[in-house]
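Colleague: For this one, chain A is given, so just place chain B on it according to the hints.
As a plain string of letters, each chain reads:
Protein chains: 2
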Amino acid sequence: MTSWPRYQTGLSTKCPRSIEWSTTSPRSLRPPSNGSSFTMRNTGRHPSDRSGIFSLFEPGSVAVVGSMREARFGGYQTVKHLLDFGFPGKIYPVNPNYDTVLGMKVYPSLNDIADSIDLVVMMTAASAVPGIIRDCVAKKVKTAIIVADGFAERDEEGARLQRQVDSIARAGHLRVLGPNTIGVVNSANGLITTPYRVPYEQVFRGGIAICSQTGLLGPQTLPLFEMRYPLSKICDFGNKCDINELDLLEYLAGDPQTTVIAMHLEEVRDGRSFLRKLKETVPEKPVLILKPGRTTESRKAMTSHTGSLAGEDYVYDGAFRQAGAIRVDSFRELVDIPKILAWQPLPPGNRLAVVTISGGAGVLGIDTAVQQGLTLAHLSRSTLDRLSDISPVLAGNPIDLGPGLPAFMKRGDMASHLYGILETLVNDDNVDCISVACPWMLRGALTEVFGPLRSTSVKPIAFWVPSPSLTRAHEISLNLEALGFPAYPDCDSSVRALAIAYKYSVARSRVRRSEVQAR
Amino acid sequence: MTSWPRYQTGLSTKCPRSIEWSTTSPRSLRPPSNGSSFTMRNTGRHPSDRSGIFSLFEPGSVAVVGSMREARFGGYQTVKHLLDFGFPGKIYPVNPNYDTVLGMKVYPSLNDIADSIDLVVMMTAASAVPGIIRDCVAKKVKTAIIVADGFAERDEEGARLQRQVDSIARAGHLRVLGPNTIGVVNSANGLITTPYRVPYEQVFRGGIAICSQTGLLGPQTLPLFEMRYPLSKICDFGNKCDINELDLLEYLAGDPQTTVIAMHLEEVRDGRSFLRKLKETVPEKPVLILKPGRTTESRKAMTSHTGSLAGEDYVYDGAFRQAGAIRVDSFRELVDIPKILAWQPLPPGNRLAVVTISGGAGVLGIDTAVQQGLTLAHLSRSTLDRLSDISPVLAGNPIDLGPGLPAFMKRGDMASHLYGILETLVNDDNVDCISVACPWMLRGALTEVFGPLRSTSVKPIAFWVPSPSLTRAHEISLNLEALGFPAYPDCDSSVRALAIAYKYSVARSRVRRSEVQAR
Numbered sequence: 001m002t003s004w005p006r007y008q009t010g011l012s013t014k015c016p017r018s019i020e021w022s023t024t025s026p027r028s029l030r031p032p033s034n035g036s037s038f039t040m041r042n043t044g045r046h047p048s049d050r051s052g053i054f055s056l057f058e059p060g061s062v063a064v065v066g067s068m069r070e071a072r073f074g075g076y077q078t079v080k081h082l083l084d085f086g087f088p089g090k091i092y093p094v095n096p097n098y099d100t101v102l103g104m105k106v107y108p109s110l111n112d113i114a115d116s117i118d119l120v121v122m123m124t125a126a127s128a129v130p131g132i133i134r135d136c137v138a139k140k141v142k143t144a145i146i147v148a149d150g151f152a153e154r155d156e157e158g159a160r161l162q163r164q165v166d167s168i169a170r171a172g173h174l175r176v177l178g179p180n181t182i183g184v185v186n187s188a189n190g191l192i193t194t195p196y197r198v199p200y201e202q203v204f205r206g207g208i209a210i211c212s213q214t215g216l217l218g219p220q221t222l223p224l225f226e227m228r229y230p231l232s233k234i235c236d237f238g239n240k241c242d243i244n245e246l247d248l249l250e251y252l253a254g255d256p257q258t259t260v261i262a263m264h265l266e267e268v269r270d271g272r273s274f275l276r277k278l279k280e281t282v283p284e285k286p287v288l289i290l291k292p293g294r295t296t297e298s299r300k301a302m303t304s305h306t307g308s309l310a311g312e313d314y315v316y317d318g319a320f321r322q323a324g325a326i327r328v329d330s331f332r333e334l335v336d337i338p339k340i341l342a343w344q345p346l347p348p349g350n351r352l353a354v355v356t357i358s359g360g361a362g363v364l365g366i367d368t369a370v371q372q373g374l375t376l377a378h379l380s381r382s383t384l385d386r387l388s389d390i391s392p393v394l395a396g397n398p399i400d401l402g403p404g405l406p407a408f409m410k411r412g413d414m415a416s417h418l419y420g421i422l423e424t425l426v427n428d429d430n431v432d433c434i435s436v437a438c439p440w441m442l443r444g445a446l447t448e449v450f451g452p453l454r455s456t457s458v459k460p461i462a463f464w465v466p467s468p469s470l471t472r473a474h475e476i477s478l479n480l481e482a483l484g485f486p487a488y489p490d491c492d493s494s495v496r497a498l499a500i501a502y503k504y505s506v507a508r509s510r511v512r513r514s515e516v517q518a519r
Numbered sequence: 001m002t003s004w005p006r007y008q009t010g011l012s013t014k015c016p017r018s019i020e021w022s023t024t025s026p027r028s029l030r031p032p033s034n035g036s037s038f039t040m041r042n043t044g045r046h047p048s049d050r051s052g053i054f055s056l057f058e059p060g061s062v063a064v065v066g067s068m069r070e071a072r073f074g075g076y077q078t079v080k081h082l083l084d085f086g087f088p089g090k091i092y093p094v095n096p097n098y099d100t101v102l103g104m105k106v107y108p109s110l111n112d113i114a115d116s117i118d119l120v121v122m123m124t125a126a127s128a129v130p131g132i133i134r135d136c137v138a139k140k141v142k143t144a145i146i147v148a149d150g151f152a153e154r155d156e157e158g159a160r161l162q163r164q165v166d167s168i169a170r171a172g173h174l175r176v177l178g179p180n181t182i183g184v185v186n187s188a189n190g191l192i193t194t195p196y197r198v199p200y201e202q203v204f205r206g207g208i209a210i211c212s213q214t215g216l217l218g219p220q221t222l223p224l225f226e227m228r229y230p231l232s233k234i235c236d237f238g239n240k241c242d243i244n245e246l247d248l249l250e251y252l253a254g255d256p257q258t259t260v261i262a263m264h265l266e267e268v269r270d271g272r273s274f275l276r277k278l279k280e281t282v283p284e285k286p287v288l289i290l291k292p293g294r295t296t297e298s299r300k301a302m303t304s305h306t307g308s309l310a311g312e313d314y315v316y317d318g319a320f321r322q323a324g325a326i327r328v329d330s331f332r333e334l335v336d337i338p339k340i341l342a343w344q345p346l347p348p349g350n351r352l353a354v355v356t357i358s359g360g361a362g363v364l365g366i367d368t369a370v371q372q373g374l375t376l377a378h379l380s381r382s383t384l385d386r387l388s389d390i391s392p393v394l395a396g397n398p399i400d401l402g403p404g405l406p407a408f409m410k411r412g413d414m415a416s417h418l419y420g421i422l423e424t425l426v427n428d429d430n431v432d433c434i435s436v437a438c439p440w441m442l443r444g445a446l447t448e449v450f451g452p453l454r455s456t457s458v459k460p461i462a463f464w465v466p467s468p469s470l471t472r473a474h475e476i477s478l479n480l481e482a483l484g485f486p487a488y489p490d491c492d493s494s495v496r497a498l499a500i501a502y503k504y505s506v507a508r509s510r511v512r513r514s515e516v517q518a519r
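Protein chains in written order, with my numbering: chain A, 1 to 519; chain B, 1 to 519.
Chain A extracted, bound-state conformation (with noise of 0.2 Å):
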């Protein structure tokens, strides 16, 4: 029933530093970055004007033209978001009929701002929209976002008021996302341009970056801060006429604080270039992509909501594999998985070692683990005899802590016990990851005892933390993922996770390799 995971709010933020969990708050407030290492590219558009991608997540003034009356959307709400989350530029709402709004001065129109603008975000009835357009040429505005709906997606009469948006901004050297979009967010300066109300004034900084062609996945809708999500950048596409997949990747390849890069795609514009561009970054960065459109039914409907057209879906994925991209199954997965590959070391190879609460959990986890390419370690003897110190009933793989648990919960040092039984693991030639899942009974000093793992660990662990008390679940959760232990909803998923880990380990060898025999 729950839409995402759940932790429990009001916990405390304090993270560890090693996994930048600082926020977005106005508490911790960085002046914008100067020295990025963002490497302009070519994006076969726009030639003079690719700082556009630039402008869009790190501008240096921000103008919001739509309604400022106060209510759950509008130009209002990405007012407030702006303030809210302290993004530390320029603020300059926008509306003939609107003298103030939270405390500013609004601008009767774009030309009535004296300062130059970088980022024009706007939520007008479409027919509007050309008009403002214009006006942002005039101003020399580098990148427009076009929330405003009722284009391509809806009708011809908005397909043709599309191009003619689009025409427009291409002469102007004006870069556009959009139209139909949510726009974007950047955890690391607090910019939010979503025009629905977000029920929360902090994000968390991480390394994963999300680009969609659906706001579902915007702030106003991801309990990102519930989550404590690792977020570096979000970017809803909407209808892709001008700023898209490729000019994301090329701008996520490049930038430091993107480690993970998740791209929910209906479809691909320049497929060659798309491709190339993924073959360049998947030895550097892995590339989860959710593409649907596996039936002729979906391709259809694809056409609807955003006005694009779909190709064969086995074109798709057979391309998407041989550049090292990995395929996931649900919007779930595009959000979850990442957790994995931005906070664990890759697995050095397949040799799954499962620990378990639940013999029956194990024999589902092994069945996930081989379905997905993963085999069952074979622990070796000093493992064995190690995990038979512990306890007599621990020997083999999976791991069932089961039958030890009464022993366990009598002696009280049920942490203790779990990292001992890790640690074997970790050091075992034998083994390349590890899922656990995990006993609720976990008490206290987590933090203390997993640490040292965490510092030290070459292999990944992934956790799933089943119980009878969601809070005291997700509490635990919270805690592994403060130490960088990813925490998922089931064993499925926490295996799943591994072996994409693994997939993703095989894909960025091979890649490596056929660009050093290509040269």
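Hints listed in this document are in silico derivations from the structure and should not be mistaken for laboratory results.
Ideal Cβ positions, reconstructed from N, Cα and C, are used throughout, including at glycine.
Some hints could be false.
Some chain A residues well away from chain B (every beta-carbon gap over 12 Å; in silico) [said to hold, decoys possible]:
(1) Arg272
(2) Arg276
(3) Glu280
(4) Leu470
(5) Glu515
DSSO-like, lysine-lysine: derived pairs with alpha carbons at most 27 Å apart [said to hold, decoys possible]:
(6) A:Lys300 / B:Lys503
(7) B:Lys300 / A:Lys503
(8) A:Lys90 / A:Lys105
(9) B:Lys80 / B:Lys90
(10) A:Lys80 / A:Lys90
(11) B:Lys503 / B:Lys285
Coverage of chain B stretches by chain A, computed from C-beta distances (three or more under 8 Å per stretch; other residues unrestricted) [claimed, not checked]:
(12) 203 to 215
(13) 222 to 234
(14) 365 to 371
(15) 418 to 425
(16) 490 to 498
Modeller: Frame of chain A; chain B shown alone:
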């Protein structure tokens, strides 16, 4: 990260009577059912003592043999559950080293209890079990639950001990559940035998029975209270030295409280009889089966954790399909999917209408639907006209609420608009089932607005509530489920639930037809 769907605690437990969400708390105590419609059928064992299964769930008296020390594991916890959940029968704690526990007299041995005993639950060292089983036989106890482990799942010595126990019980006409089990739950009488602490004191009555070969699906792991889970019975088979899936299927088929049967089975002991009984049951009640062992590795692991021998997967797959049972893929599905079968009507056909807050989610939902055997409904002309009256942007399937959201939000009548859309779809002859990715802005009067739909709809509706506030999502989900509309954790699972409901309706018709032909 959440292990199971979460509901906020402390919410009102007020529920409509139609779903029978009364609880097992002392406040809602009822005397044990006398006039049960349970009918005796041939179980292939202990022909004279089939009432043993009845005593397993509805004993008039229970003896608990184990440690009475106040601890998180042991006989103390079982006695405490019986008291906390308001078990109305007689309770006899048994342990030679204690005089009282929780204000009750502790008996040195079973022989010291003057009254007759229906059910004995024992959590002692394995070596003590044969003696206690002998005492049970001497005292003409009907049924025993052997919680103790260290039997066939452990080693050859344990297997020998298990054979010994089985032989004593068999000769003495004592039915035995286990060993190596947490036992049972009966929501109707507060019978909870698990020796692990359960951190809540209420479970909700409903139609779903869960049987498993792991304690993981027990009340000490499942957040039954926070989920408001509509439970009838739980049974953990453990090593199945006697009571097995055939006994339970027979009992649950005749159990008036149970409307959906969900079984996790690592192997089936008597395949022919089980399939015959499945075929008899499927026309009346859906049976969902989670059967691991799709890979050689997992079949090997099964042998070690319950001592059972598993057969080839394809044999099970074909047999289950033939008998009309529906196979599910994970613990989560085994627990979540039954809700739609317990609460909603079966779809008359496979034509799906998709209502979605996000076009992107709609597209992915269609992929899942088509892959699972559903098809996208062609809405009738009058439906398209009515949708168009509600908002000109709504005409089509999927019905993408996204473009209309700002207008709906401005008018503040989201719930009644959504009701209007759903009512229109329910009345469309071209629509058989409906999935809804529900706007998280839905407020307040959900119960009043959607109530009529519950009482009139003959087509199943499944929800997903994406939200930036998990607390709010849980609250909406809980409200929807109180009306009998199941809420799932993502768009894929809500569509999959509808597809499984359709699969069951097809299987039911097929099995009924074949029964008629066989006559």
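Colleague: Does each hint hold? Answer for all of them.
Modeller: Hints, verified against the model:
1. Chain B leaves Arg272 of chain A outside its interface by the beta-carbon criterion, the shortest separation being 24 Å against a cut-off of 12 Å.
2. With a minimum CB-CB distance of about 26 Å to chain B, Arg276 of chain A clears the 12 Å threshold, and the non-interface call stands.
3. Separation of Glu280 of chain A from chain B is adequate, the least Cβ-Cβ distance of about 27 Å exceeding the 12 Å criterion.
4. Listed as a non-interface residue, Leu470 of chain A fails to keep its Cβ farther than 12 Å from every Cβ of chain B; the least gap is roughly 4 Å.
5. Listed as outside the interface, Glu515 of chain A is consistent with that label: its C-beta sits roughly 33 Å from the nearest C-beta of chain B, beyond the 12 Å cut-off.
6. Distance restraint check for Lys300 of chain A and Lys503 of chain B: the Cα-Cα separation of roughly 25 Å lies within the 27 Å cut-off, and the hinted pair is therefore satisfied.
7. Proposed proximity of Lys300 of chain B and Lys503 of chain A is supported: the alpha carbons are some 25 Å apart, at most 27 Å.
8. Distance restraint check for Lys90 of chain A and Lys105 of chain A: the Cα-Cα separation of roughly 12 Å lies within the 27 Å cut-off, and the hinted pair is therefore satisfied.
9. With a CA separation close to 13 Å, the supplied pair Lys80 of chain B and Lys90 of chain B stays within the 27 Å bound.
10. Between the alpha carbons of Lys80 of chain A and Lys90 of chain A the distance comes to roughly 13 Å, so the proposed pair stays at or under 27 Å and holds.
11. Distance check on the hinted pair: Lys503 of chain B and Lys285 of chain B sit about 13 Å apart at the alpha-carbon level, within 27 Å; holds.
12. With 4 residues having a Cβ less than 8 Å from any Cβ of chain A, the region 203 to 215 of chain B passes the three-residue criterion, so the hint holds.
13. Counting residues of the region 222 to 234 of chain B whose CB lies closer than 8 Å to any CB of chain A gives 5, so the stated coverage by that chain holds, three being the minimum.
14. A stretch counts as covered by a chain when three or more of its residues have a beta carbon under 8 Å from one of that chain; for the region 365 to 371 of chain B and chain A the count is 5, and the coverage holds.
15. Three residues within the 8 Å Cβ limit are the bar, and the region 418 to 425 of chain B against chain A gives 0, so the coverage statement is violated.
16. For the region 490 to 498 of chain B, the proposed coverage by chain A is satisfied: 3 residues have a C-beta within less than 8 Å of a C-beta in that chain, meeting the threshold of three.
Of the numbered hints listed earlier, those contradicted by the structure are 4, 15.
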